[in-house]
Amino acid sequence: MRNRIWLAAAALAAGVAIAPASAADVKIGAIYPLSGNAANAGRSALAAVQLAVDIINNPHPDLATLPSVGPGGLSNLGGAKIVLIAADHQGNPAEGQSQTLRLITQEKVAAMLGVYQSNVAFTATATAERYGVPFIVGDSVAANITGRGFKWTFRTTPIASDFAANYMQFLADMKQAGHKVDSVAIVNENTDYGTSVGGTVLAQAKAHGINVVAQIPYSANATDVTAQVLQLKSKNPDVVVFISYTADAILYMKTMKNLDYMPQMVIADDAGFSDPTFVPSVGNLAQGLMNRSTWAVGEPGSVTYKINELFKAKTGRELDDTSARSMQAMFVLADAINRAGSTEPAKIQKALQETDLKPDQLIMGFSGVKFDQTGQNTLAATYLIQLQGKDYVPVWPAKSARAPLRWPMTGWK
Amino acid sequence: MILLQAAVSGLLLGAVYALFSSGLTLIWGMMNFINFAHGEFVMLGMYVALVVTWGELGPAVYAPAAAVVLFGLGVIVYAGLIRHVMRGPMLSQILSTFGLALLLRYSAFYVFKSDFRTLPDSSLSSTIDLGGIYLSKAQLLAGVVAALLALGMHVLLTRTPLGSRMLAVAEDRSAAMLMGIRPDRMQALAWGLSAASAGIAGALMAIAYPFSPSVGETFVLTAFVVVSLGGFGSVPGAMIAGLTVGLVEALAGYLIGPIYKDIVVYGLFVAVLWIRPQGLLGTL
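Chains as they are written, first to last, in our numbering: chain C, 1 to 413; chain V, 1 to 284.
These aren't lab readings, by the way, just hints derived from the structure by calculation. Built from N, CA and C at the ideal position, the CB exists for glycine as well. Treat each hint with caution, since some may be false.
To be verified - Here are the simulated DSSO-like cross-link-like pairs (lysine-lysine), alpha carbons at most 30 Å apart as the crow flies:
no.	chain 1	residue 1	chain 2	residue 2
1	C	K233	V	K137
2	C	K206	C	K399
3	C	K390	V	K113
What the hints assert, rightly or not - If we take Cβ atoms under 10 Å as the criterion, some of the chain C residues that face chain V in the derived model are:
no.	residue
4	S35
5	A39
6	N40
7	A41
8	R43
9	S219
10	N221
11	A222
12	D224
13	A227
14	Q231
15	A249
16	L251
17	N258
18	V282
19	N284
Construct the entire structure; sequences and hints are all you get.
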């Protein structure tokens, strides 16, 4: 009994001793799927966000082209450090809501960041809106996360309509180059992410006069995708657009090989196809597959190259597009907090609204960061990359290509 | 032609379902005990296969290695946990395996990280081409093993003295004890066999499926459906139910659409249980 009292006293003293030291810090809440099906992507994104925080908190003159990076700490807040408080939403919208609530009301974070799955982003941003805390969405792309009249949600990433427009432009270019692109099938997972991107691609394809022979929604938790692949086989489209998470993306590639089905070209919508485990797992079955990315490692010596090296040193693997977009969101948020010179949510909100970053201040291939009144970044853009050997290389549009495009894809052959 | 392929693929998938469900139904049959950690046993079987590949050993070793490791784990789980919670109320029995499931899942996260893994290509990862109908070798093997396991367990339980002793313990623990049977040994054996069959299932499925530590939760629901459809405790029932679910899933997915296949499967499931609450081959 006496021991227990001593322990309690010691714990209390430790708590008191730590508390004052953290008073000047800027607390930021980050929610990602750290368990469940998307845990891998979520943990990778969190590691990238944590790296951004480390880069901001410590002196990094070599990366000083990035806003609020260089001196170590936020200069307009007396060198205050950012403290990241992470929480696991398990890919569950209800959990996303309650974790956001907890971070805001109990941890008293100045701003929030996340989220990966779009359906979780819906509930989490709604909670932040109610409490008047800025929420910056780095990676979730369902169209209507912005545009609900929210004043506290800001999104840096390009969204479904940006991607869909890019895909259609790409297909038009391919047709002009003499390739057969007459019919398209869309295969999408059936939560907010896949449904919204799939719907947007469908609408734009119709607008461009491309024949969509099938739209196949499915559950990303599926343990078997034979039926989906057989439907594709019977409809036989020239191009298949996949909107999938990780396990299902790998399963599609394996099943397509098992059933000997390969279209002229697969366009993969990032997510699972950019998961760091996709290429090591089934890269040898998916040669020539097209994917999208706003992230490229760049030439040795460039800012993106150095950041990729830091990420590799920290996690042992390359920075991927999804994680890099989360990281970019952290830099944008830090820049706004620094310009606000305050941790007051309203001041951070105002600074976010005034954000105007140029391409050379970013790690991503956006044309800039500038939010419209819905909170959506109007300067977001993407390019297309192709799996050639063990790497995705930028191949489209021609001005950012680093290797010639190969058509058709060769898959496992 | 494609319809035939859908049916064949469905049956093969059903064989895999039957394989990972048979261990679950065994525990129920012998102990009237529901094991929520069954999916995690399957998951661990997958990781045993992965560890085997690190030792540069071929696919012939996957299943035996998983069987041995999981048999040991099953016995340990029984001796360390189940034996004790059996004395408690029904609810804590059920929730103890739920706790075990989470313990195993998050331990696997700690040891193996959250990355999705796949096994390297081997002689089993290819397909057989039967004039345009493709059969996955891994699934075919899973089907054969599932049938052998179901047969073996059925023979063990109904035709051998050991099986009779196991069933006697399930029937009436204290009466069996009075007859000179040691119930702990029988039940530890049942847990070992059940875990071993889950391990074999995992090791064979790992050839075809990408997996991460949370993969168990995706499979365990199907396992419960298969087990209750086939009849709790009936290994041949699990076999028939597994094939049925796989076939219905594939045909509904192809003919109606993948998004609707679960509606058809679970609709059928509810309908069968409405007519036969004990399941296809179960006894009341």
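Hint-by-hint comparison with the structure:
1. Simply put, C:K233 and V:K137 have alpha-carbon atoms about 21 Å apart, close enough for the 30 Å limit, and the pair holds.
2. Pair hint C:K206 plus C:K399 holds up; C-alpha atoms about 27 Å apart against a cutoff of 30 Å.
3. Our distance criterion of 30 Å between C-alpha atoms is met by C:K390 and V:K113, whose separation comes to about 22 Å.
4. Annotation: C:S35 was flagged as interfacial toward chain V, and the flag holds, the nearest CB pair being 7 Å apart, inside 10 Å.
5. Hint status for C:A39: holds, given a least beta-carbon distance of 4 Å to chain V, under 10 Å.
6. A hinted interface residue such as C:N40 counts as satisfied when its beta carbon comes closer than 10 Å to some beta carbon of chain V; here the least separation is about 4 Å, so the hint holds.
7. Residue-level restraint check for C:A41 holds (minimum Cβ-Cβ distance to chain V is 9 Å; threshold 10 Å).
8. Interface hint at C:R43: satisfied, since its Cβ lies 5 Å from the closest Cβ of chain V, which is below the 10 Å cut-off.
9. Below 10 Å, beta-carbon pairs count as interface contacts, and C:S219 has one with chain V at about 7 Å; its hint therefore holds.
10. About 5 Å separates the beta-carbon of C:N221 from the nearest beta-carbon of chain V, less than 10 Å, and the hint is met.
11. Nearest Cβ of chain V to the Cβ of C:A222: about 7 Å, under the 10 Å cut. The hint holds.
12. Interface restraint check for C:D224: the shortest CB-CB distance to chain V comes to about 5 Å, inside 10 Å, so the restraint holds.
13. A distance limit of 10 Å between C-beta atoms decides the matter here; for C:A227 the minimum to chain V is near 3 Å, and the interface restraint holds.
14. Taking 10 Å as the C-beta cut-off, the interface hint given for C:Q231 holds, the closest approach to chain V being about 6 Å.
15. Proximity of C:A249 to chain V holds as hinted, the smallest CB-CB distance being about 9 Å (cut-off 10 Å).
16. Checking C:L251 against chain V: minimum C-beta separation of about 6 Å stays under 10 Å; hint holds.
17. The beta carbon of C:N258 is positioned within 10 Å of a beta carbon in chain V (closest approach about 5 Å), and the interface hint is therefore held.
18. A cut of 10 Å between beta carbons decides the hint on C:V282: the least distance to chain V is about 7 Å, and the hint holds.
19. Hint status for C:N284 relative to chain V: holds, with the closest Cβ pair at about 8 Å, below 10 Å.
Hint violations for this structure: none, all hints satisfied.
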